[in-house]
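We have chain A; now place chain B onto it with these hints.
There are 2 protein chains.
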Amino acid sequence: MSRRNRAYYLRRRPQGTTTGVDLELVEERVPDLGPGQALVRTTHLSVDPTTRVWMSDYPAYMPSAPLDAVLRGVGVGEVVESRRDDLPVGATVLGWTDWQDYCVADDSALISPFTVLPDPLPAPPGAFLGVLGHTGITGWLGVDIGRPQPGDTVVVSAAGGAVGSVGGQLAKLAGARVVGIASGPDKCRHVTTTLGFDTCVDRTAADWRDQLDAATPDGVDMDFENVGGEIMDHVLGRLRIGARVVLCGMISGYDALGSGSSAGQHEISQLIMKRATMHGFLVFDHADRFATIVDELAGHLAAGRLHADETVLDGLEKAPDALGQLFTGANLGKIVVRTRV
Amino acid sequence: MSRRNRAYYLRRRPQGTTTGVDLELVEERVPDLGPGQALVRTTHLSVDPTTRVWMSDYPAYMPSAPLDAVLRGVGVGEVVESRRDDLPVGATVLGWTDWQDYCVADDSALISPFTVLPDPLPAPPGAFLGVLGHTGITGWLGVDIGRPQPGDTVVVSAAGGAVGSVGGQLAKLAGARVVGIASGPDKCRHVTTTLGFDTCVDRTAADWRDQLDAATPDGVDMDFENVGGEIMDHVLGRLRIGARVVLCGMISGYDALGSGSSAGQHEISQLIMKRATMHGFLVFDHADRFATIVDELAGHLAAGRLHADETVLDGLEKAPDALGQLFTGANLGKIVVRTRV
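Read top to bottom, the protein sequences are chains A and B.
Okay, so the first sequence: first residue is 6 according to my numbering, each after it adds one.
Okay, so the second sequence: first residue is 6 according to my numbering, each after it adds one.
Treat the hints loosely; a few may be bogus.
Just the calculated beta-carbon pair ranges, DEER-fashion [what the hints assert, rightly or not]: (1) B/GLY201 <-> A/PRO40: 56 to 66 Å; (2) B/ARG294 <-> A/SER113: 45 to 55 Å; (3) B/GLY247 <-> A/LEU30: 51 to 61 Å; (4) A/ARG245 <-> B/GLY224: 31 to 41 Å; (5) A/ASP212 <-> B/THR22: 31 to 41 Å; (6) A/GLY309 <-> B/ALA219: 52 to 62 Å; (7) A/ASP293 <-> B/ARG214: 35 to 45 Å; (8) A/ASP212 <-> B/ARG8: 53 to 63 Å; (9) A/THR22 <-> B/ALA268: 17 to 27 Å.
Quick partial rundown of chain B residues pointing at chain A, CB under 7 Å, derived from the structure [claimed, not checked]: (10) ALA65; (11) TYR66; (12) SER69; (13) THR282; (14) GLY285.
Which bits of chain A does chain B cover? Going by a derived footprint, with three or more residues having C-beta under 8 Å, they are [stated by the list, open to error]: (15) 249-256; (16) 269-282; (17) 286-294.
Calculated directly from the structure, the hints in this document are not laboratory data.
From a predicted model like this one, the values you see are computed outputs, not experimental measurements.
Positions of the beta carbon are idealized from the N, C-alpha and C atoms, including for glycine.
Okay, chain A solo, but in the shape it has when bound (with noise of 0.2 Å):
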């Protein structure tokens, strides 16, 4: 029985607003494993905005996606096939799946290869995508290299996403007060009562800027920023002396990579003017310390000290929409392609 393979592959460099055109869904043979491979059935899928940085050209953190190849993604799976005894048939494994039924599991990952998740799994799978993986992470190593004080005004950004939503809750249990911005009035009405940050601001309302300035009468100590564009420079012009700017994301940017249309950042100078640093981390560097990160988060999970968003979508089919969501601010917290329904 030969097993069949959807996979997406990349066909060409988005320009502008990704829609899924730049992806071709391929049918193909999975091909029969070699020495050191095992054979990853991929249950879910993880969509990032990083993804579409991987998409473009722009020379980032990790070469761009190849053209022509299946596109770059991680996801959790089980191995149904193995010639390699560290990834046993069950068992349940995190890793770089890419964006495809069947993954051939082998030494070539780009960062770090397959782990086997513990079993019976602590947390639903979606989870090792999310808030006890790399976005989890990502959000807690912001607040790790911010340092908010009690007393603090924090403002975070995409405030309702995978890695702004566990942001700013850390920052709120560190006894910051903590502004959110995010999308909408529902999503904010979330980030406040559910995610209890001390306010959000609605960045689709004419008046954000005017929110954000109500929202931050003594200005900004600690800027968490997932999007960039304007919103980062009005949190820019509202930083105190001595600020922290943590530079997790610019999503508002990313469509524009490499096409060299971005609007850009025009208030820079305000790190002069305010004595501000700003600091660009990457979870990928700091796996030394996930495991006890990890750890803590669960801890919070288990006590109700964090709440964790998860948006699903069904079917592989379903994640060039997913990665769209992204962008327009439709999904809430993590965003997970459940490929197997």
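Relative to chain A, chain B alone:
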């Protein structure tokens, strides 16, 4: 006998490049001193990129220079009348002289009062506005913040300027490979030959980006940024992982401050990609260290390890031109207006 004062009043906020048309040279009577006041005759006036910031209504680290008041400025002068013991007649002093011949010194200074310089002066008066003054200290602080290590590649923009020339030489003393960026072949030659930078990129050359790439084959560990704009963007694109950007000035954007027409920075996302840190800083925050820093700079000067350039323009009426030179890159080193020739 009533003394006459000539003073540059700021009449309007400049639009674009400042040409002096926004300033009016007024001749007026010097006021009589009240209790606790001294009269300082300006001998040397400092002209700085930040002068242009003060002239705008951009929210900066100090209030904008008020309209219809004498333009703010730091200078060296001589006390010619006094009703305070700490500023005796005959003393050479450093402080906020503003752009005028005579200034009344009292306790109303925005940041710091006048300080009496040593007698006899250990260096020419202009040095206390340059290498042994705020620009030299700024160069020292930028290197202190960026901490270049032996073998690091450090890029210094405005390398022939008052701050960059000192910063680059100190980075070289710290063992780094230092690449300057300056305007024109003559200044570039000076930067390498006299200031001892390893190489210098001519930003007026059509191929300056290629020059910069060739000069930084392994990337950039530290950027001592004085210019901003497209030069900074190109340097950001060459950062190494973990690089430090010391954000001292962004002169390329100062003409557009408050006009909403800034070209913006388009490569800030490189701070994420390279896990880099950007540190804004201001010399005024470090007043408690000035004496120690000046001692160190004076030691380097005396030992011939540090070269200080000064461009002197004679006559208060040259001050607007002096300011303009900063924006065309015409000056070499610290630009000082000698008001008493």
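When the hints from earlier in the document are held up against this structure, which numbers fail?
3, 12
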